[in-house]
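Assemble the whole structure, with the sequences as input and the hints as a guide.
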Amino acid sequence: MTSRTKILSRIRHALADAYLPDAAATIPPPPSPPPFAAALIDVFEQALIAVQGQVTRVENQEAARDWLVNEFQKQGVQKILGWNFTQLPVANLAASLQALGIELIPARLSTATRQADLAALADIPVGLTGADAGLARTGSIVLYASNEQGRLASLLPEVHYALLPADRIYADLAAWLAVPGVGERARHSSNTVIITGPSRSADIAQTLTLGAHGPKRLHVLLIET
Amino acid sequence: MQAPTTSFAQRAQIALQDTGLQEALGRAMDHFVHGRQDAFAALPHGEALRDHARTIRANTIAHLDEHLIRFERNAQANGSSIHWATDAAEARQIVLKIAREAGVQRIVKSKSMLSEEIELNRVLERAGLDVLETDLGEYIVQLAHDHPSHIIAPVVHWRLEDVARLFHKHLGTPLDADIPSLQAAARRRLRQGFLQADMGISGGNLVVAETGTVILVTNEGNGRLVTTTPRIHVALVGIERIAPTLADAGTLLQVLARSATGQALSVYTSFITGPRRQADEDGPEQVHIVLIDNGRTRALQGELAEILYCIRCGACLNVCPVYRNLGGHAYGSVYPGPIGSIVTPAYDGLGPWHELPQASTLCGACTEACPVRIDIPRMLLKLRADSIAAGDAPAWLQTGIRLYGWAATHPRVFRLASKLGTQLQRLWPGKAQGWTRRLPPPLSAWTDSRAFPPLARRSFSERWQERKT
Chain A
1 MTSRTKILSR IRHALADAYL PDAAATIPPP PSPPPFAAAL IDVFEQALIA VQGQVTRVEN
61 QEAARDWLVN EFQKQGVQKI LGWNFTQLPV ANLAASLQAL GIELIPARLS TATRQADLAA
121 LADIPVGLTG ADAGLARTGS IVLYASNEQG RLASLLPEVH YALLPADRIY ADLAAWLAVP
181 GVGERARHSS NTVIITGPSR SADIAQTLTL GAHGPKRLHV LLIET
Chain B
226 MQAPTTSFAQ RAQIALQDTG LQEALGRAMD HFVHGRQDAF AALPHGEALR DHARTIRANT
286 IAHLDEHLIR FERNAQANGS SIHWATDAAE ARQIVLKIAR EAGVQRIVKS KSMLSEEIEL
346 NRVLERAGLD VLETDLGEYI VQLAHDHPSH IIAPVVHWRL EDVARLFHKH LGTPLDADIP
406 SLQAAARRRL RQGFLQADMG ISGGNLVVAE TGTVILVTNE GNGRLVTTTP RIHVALVGIE
466 RIAPTLADAG TLLQVLARSA TGQALSVYTS FITGPRRQAD EDGPEQVHIV LIDNGRTRAL
526 QGELAEILYC IRCGACLNVC PVYRNLGGHA YGSVYPGPIG SIVTPAYDGL GPWHELPQAS
586 TLCGACTEAC PVRIDIPRML LKLRADSIAA GDAPAWLQTG IRLYGWAATH PRVFRLASKL
646 GTQLQRLWPG KAQGWTRRLP PPLSAWTDSR AFPPLARRSF SERWQERKT
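Line by line, the protein sequences give chains A and B.
Position 216 (the first sequence) corresponds to 216 in my numbering; numbering is contiguous.
Position 78 (the second sequence) corresponds to 303 in my numbering; numbering is contiguous.
The reader is advised that the hints may include incorrect statements.
[To be verified] Ranges of calculated distance between the beta carbons of each label pair, as one might list FRET restraints:
1. B:G589 <-> A:P35: 31 to 41 Å
2. B:Y629 <-> A:D22: 27 to 37 Å
3. A:D17 <-> B:T592: 17 to 27 Å
4. A:Q46 <-> B:D673: 52 to 62 Å
5. B:A633 <-> A:Y19: 24 to 34 Å
6. A:K6 <-> B:A302: 21 to 31 Å
7. B:I239 <-> A:D17: 35 to 45 Å
8. B:R688 <-> A:S32: 48 to 58 Å
[Stated by the list, open to error] So the derived list for chain A, only partly shown, Cβ under 10 Å to chain B, looks like this:
9. A24
10. R137
11. A153
12. A174
13. A178
[To be verified] To spell it out: a stretch of chain B is covered by chain A in this simulated footprint if at least three of its residues, at any positions, have a beta carbon under 8 Å from a beta carbon of chain A; those stretches are:
14. 269-281
15. 344-352
16. 379-393
17. 432-438
18. 453-466
19. 499-513
Since the hints were derived computationally from the structure, they do not count as laboratory data.
Built from N, CA and C at the ideal position, the CB exists for glycine as well.
See below:
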């Protein structure tokens, strides 16, 4: 008998005698919270600030591009680890950044040179990604992994900038999961991450410290139209 | 699980006298409790979500076999490999075999209580593999050859100065380093580990039957790194930690972080659905999911099955008056606190663990805090009854209870005994607020570890008689 068969048969045997209080015949629909009094974008902003994230609202794509160009210039940024820049929700971003002399590096690991690739990406100080959804209640952003969207861009650098169009903000995790197609997308993407603020730890003396292993700083650029 | 050789009372004594531990616990416990209360207060449908989470867990366990089969099919369709382990030894061998076949030398791990339960590190290290714990708390535990004392906060028993001393020795940080610089030193050291590792080992907070997904929740980001940078990812998952659908998992995640750390969501909630697709930029080449029984089907049989609803948030530890005073090590088991006092004997048998169900005041704070409202006192009482039936209780207690039972069913004897007790009590020295601190043998067995409550000056039956007349 394989271990699989053994475990499944043990479960069936045990279930005959198991006392399982409150097991109903079916799972009812989840409770729905009252709608927010404020606009979702405001709720999102407040929630993200509450978890030490930073938020900047820009009116449109052009304003987003100008803000990023200005920000990176001010910070003296030379290299950015990012998603495919042509896929980001800001037109001509790649050209504008390259015009500043900034090198745009995809988070790509090839099978043969995996560890060398990783070593080359490890010290890039800035990551730039889009975001596939925002969750207002928690101030979270959702990022799918794909051939255009490397997960290391939101993970290795000390600072992570994420571009989120405001029309992708949902009330909360449950509301986003209920959107048709989300389940399919999550199933077909090898990795979906919900990010709620910058990396943190409170393991030492229960004192909050940012930047444990991931980004110390998370800056979400909210594009309003 | 390895049972300790000392008694619970001995370990409790040590914990109570450990001033460093008392200081660390005093600070931490209220912090967790207030965090949880505030997080639920901010959620308008928090109580309804808890009820819903309970129904999900109950229904899932009631059809556990079907959900596991569905999970396996969907996970395989995504390219993950599924392994089944009946016990700890088999689970360890599975991980070792994956490592050997893939020529693995360096392993990074994110926090997994299940890996503690199956004592994985010992076996991997004996096989000559380098194992690096990457959760900051677990890294401290590994450097110090310690054990986690809390299922969410492994080094809740450590003070800042203890960590500073440890890092000074191992990482060369100054003895008076502050928390950010200690964390930065650990980040530098562990980043090297992530970049060089061949294999990452994680736990799994949940798996999702509908999509074949493993859900992993971390704050530090080490969980993401462990499952992204190495070419092989192995996830260790208890067979009970399954949710039928993504929506069900969504409900559980909303109550999990609030109960555990008082966060609305943890910083990183990862849905891992197979290895990197061919065109993906990054991610592991192989994903292995090890589904582990190791006593869970034993717990499923009978009246302790409700313990399998647990989603391991640790809230019951933080509110428990026993845990709050002793910390986790006094329990002597991998899983401490109220939940551990049921999980441990339920998985491993009551014999070596019969003291654990006694390590409770049955106050019910655990059930009140539990996000899925597990009736912990009910199961502690059940285990106590089993323990007495099995003859685990010491002779003084067995005899004492038998004597009490006899007296209680003979009114005249009972009245005489309580009168005598009231008189003797008045003369007996060494009381604190009426509670007797020390009694002669064999009653000293009671007062060795607790005070004896004052007997009422006038008994209930006396007052009852008065009222009737």
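Status of each hint after checking the structure:
Range check, G589 (chain B) to P35 (chain A): about 35 Å between beta-carbon atoms, so the 31 to 41 Å window is met. For Y629 (chain B) and D22 (chain A), the hinted distance range of 27 to 37 Å is satisfied, since their beta carbons lie about 35 Å from each other. Taken as a hint, the range 17 to 27 Å holds for the pair D17 (chain A) and T592 (chain B), whose Cβ atoms sit roughly 23 Å apart. Roughly 55 Å separates the CB atoms of Q46 (chain A) and D673 (chain B), a value that falls within the hinted 52 to 62 Å.
Between A633 (chain B) and Y19 (chain A) the beta carbons are some 30 Å apart, a value that agrees with the proposed interval 24 to 34 Å. Restraint check, K6 (chain A) to A302 (chain B): a C-beta distance of roughly 24 Å satisfies the suggested window 21 to 31 Å. The given range of 35 to 45 Å is respected by I239 (chain B) and D17 (chain A), whose C-beta atoms sit roughly 39 Å from each other. Checked against the given bound of 48 to 58 Å, the beta carbons of R688 (chain B) and S32 (chain A), roughly 53 Å apart, stay inside it.
Checking A24 (chain A) against chain B: minimum C-beta separation of about 6 Å stays under 10 Å; hint holds. Given the 10 Å rule on beta carbons, the hint for R137 (chain A) holds: about 7 Å separates it from the nearest Cβ of chain B. For A153 (chain A), the suggested interface contact is upheld, since its CB lies about 8 Å from the closest CB of chain B, less than 10 Å. With its C-beta approaching chain B no nearer than about 5 Å, A174 (chain A) sits inside the 10 Å limit, and its interface hint holds.
For A178 (chain A), the interface hint holds, since its Cβ comes within 10 Å of a Cβ in chain B; the closest pair sits about 7 Å apart. Counting residues of the segment 269-281 of chain B whose CB lies closer than 8 Å to any CB of chain A gives 9, which reaches the minimum of 3, so the coverage claim holds. Counting residues of the segment 344-352 of chain B whose CB lies closer than 8 Å to any CB of chain A gives 0, which falls below the minimum of 3, so the coverage claim is violated. Against chain A, the segment 379-393 of chain B contributes 7 residues with a C-beta closer than 8 Å to a partner C-beta. That satisfies the three-residue criterion, and the hint holds.
For the segment 432-438 of chain B, the assignment as covered by chain A holds, since 4 residues bring a beta-carbon within under 8 Å of that chain's beta-carbons and 3 suffice. With 4 residues having a beta carbon nearer than 8 Å to a beta carbon of chain A, the segment 453-466 of chain B meets the requirement of three or more and the stated coverage holds. Check on the segment 499-513 of chain B: 10 of its residues sit with their Cβ under 8 Å from a Cβ of chain A, so the three-residue criterion for coverage holds.
Checked against the numbered hints above, the structure breaks only hint 15 and satisfies the rest.
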